[in-house]
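Enquirer: Sequence:
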Amino acid sequence: MSRKPCYWLMKSEPSAFSIDDLARAPRHMTCWDGVRNYQARNFMREMRVGDQVLFYHSSAEPSAVVGVAEVVKEAYPDSTAFDPKDKHYDPSSNPAQPTWDMVDIRLVRKFHRPIALDELRGIPGLSQMELLRKGSRLSVQPVRPSEWAIILKLAAK
DNA sequence: GCCAACGTTGGC
DNA sequence: GCCAACGTTGGC
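Numbering (the numbering used here), first residue to last: 7 to 163.
It should be emphasised that the hints constitute simulated quantities derived from the structure, not laboratory data. It is possible that some hints are incorrect.
To be verified - Below are the DMTMM-like pairs computed for lysine to aspartate or glutamate, each with C-alpha atoms no more than 25 Å apart in a straight line:
#: 1; residue 1: 93; residue 2: 39
#: 2; residue 1: 93; residue 2: 110
#: 3; residue 1: 163; residue 2: 26
#: 4; residue 1: 17; residue 2: 39
#: 5; residue 1: 93; residue 2: 27
#: 6; residue 1: 140; residue 2: 67
Claimed, not checked - If you anchor each label on the Cβ, the simulated ranges turn out as follows:
#: 7; residue 1: 33; residue 2: 141; range: 29 to 39 Å
#: 8; residue 1: 91; residue 2: 162; range: 41 to 51 Å
#: 9; residue 1: 94; residue 2: 67; range: 19 to 29 Å
By construction, the Cβ of each residue, glycine as well, lies at the ideal position given by its N, Cα and C atoms.
Make the full structure from the sequences, and use the hints.
Expert: Quick look at the structure:
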């Protein structure tokens with residue numbers, strides 16, 4: 007059963023992993039490891055191959071939506087949680103019963119210009135957007151089709 | 001670097 | 001089950 011692609015937004019600090027890092031990666035792909043938030047994990051579990059993702063740079067200058075990626079592999083156990091040497095090691099997770107999942111994404115395109123947070127604020131059609139909610143820290147979040155359309159239109163300017 | 005907002009942990 | 005303490009996120 008296929009369904010219409012859903013839209014998402016994923017945050018990354020460019021100092022850790024930027025859209026240029028994704029562009030340089032083999033086959034423009036990466037696994038999205040290190041998510042340690044249940045809500046974000048649950049959204050990743052809902053992702054299906056072909057779903058579209060806004061790539062967002064957080065703690066950046068400027069913080070901005072910088073491009074589009076797509077889901078190429080659905081949720082599977084995040085093995086970095088099993089590795090005591092990994093920054094995101096979580097002893098509560100183990101291979102028999104993994105707590106944390108990741109997905110694989112592939113770069114679709116980098117925008118010609120970053121769509122900064124500043125620009126997104128104040129656009130009426132985006133007033134409900136999770137990213138713009140005060141105090142929102144969710145690193146993986148759904149995006150409404152209407153929001154997706156507005157942002158892609160901004161990217162084309 | 002500051003700090004508000006948030007999620008998680010753990011004592012009770 | 002409550003909630004204070006703590007660690008983290010992320011804009012500024």
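Enquirer: Each hint should be assessed against the structure and marked as holding or not.
Expert: Against the structure, the hints:
1. In summary, the hint linking residue 93 to residue 39 is supported, as the alpha carbons are separated by about 11 Å, within the 25 Å threshold.
2. The hinted pair formed by residue 93 and residue 110 meets the criterion: a straight-line CA distance of about 19 Å does not exceed 25 Å.
3. Using a Cα cut-off of 25 Å, the hinted pair residue 163 and residue 26 holds, with the two alpha carbons roughly 21 Å apart.
4. For the suggested pair residue 17 and residue 39, the alpha carbons sit about 12 Å apart, so the restraint of at most 25 Å is met.
5. Between residue 93 and residue 27 the alpha-carbon distance is near 19 Å, which keeps this suggested pair within the 25 Å criterion.
6. As the CA atoms of residue 140 and residue 67 are separated by approximately 19 Å, the hinted pair is consistent with the 25 Å bound.
7. Evaluation of the 29 to 39 Å hint for residue 33 and residue 141 yields a pass: the beta carbon distance comes to about 36 Å.
8. Checked against the hint of 41 to 51 Å, the pair residue 91 and residue 162 passes, with Cβ atoms roughly 44 Å apart.
9. About 25 Å separates the C-beta atoms of residue 94 and residue 67, a value consistent with the hinted range of 19 to 29 Å.
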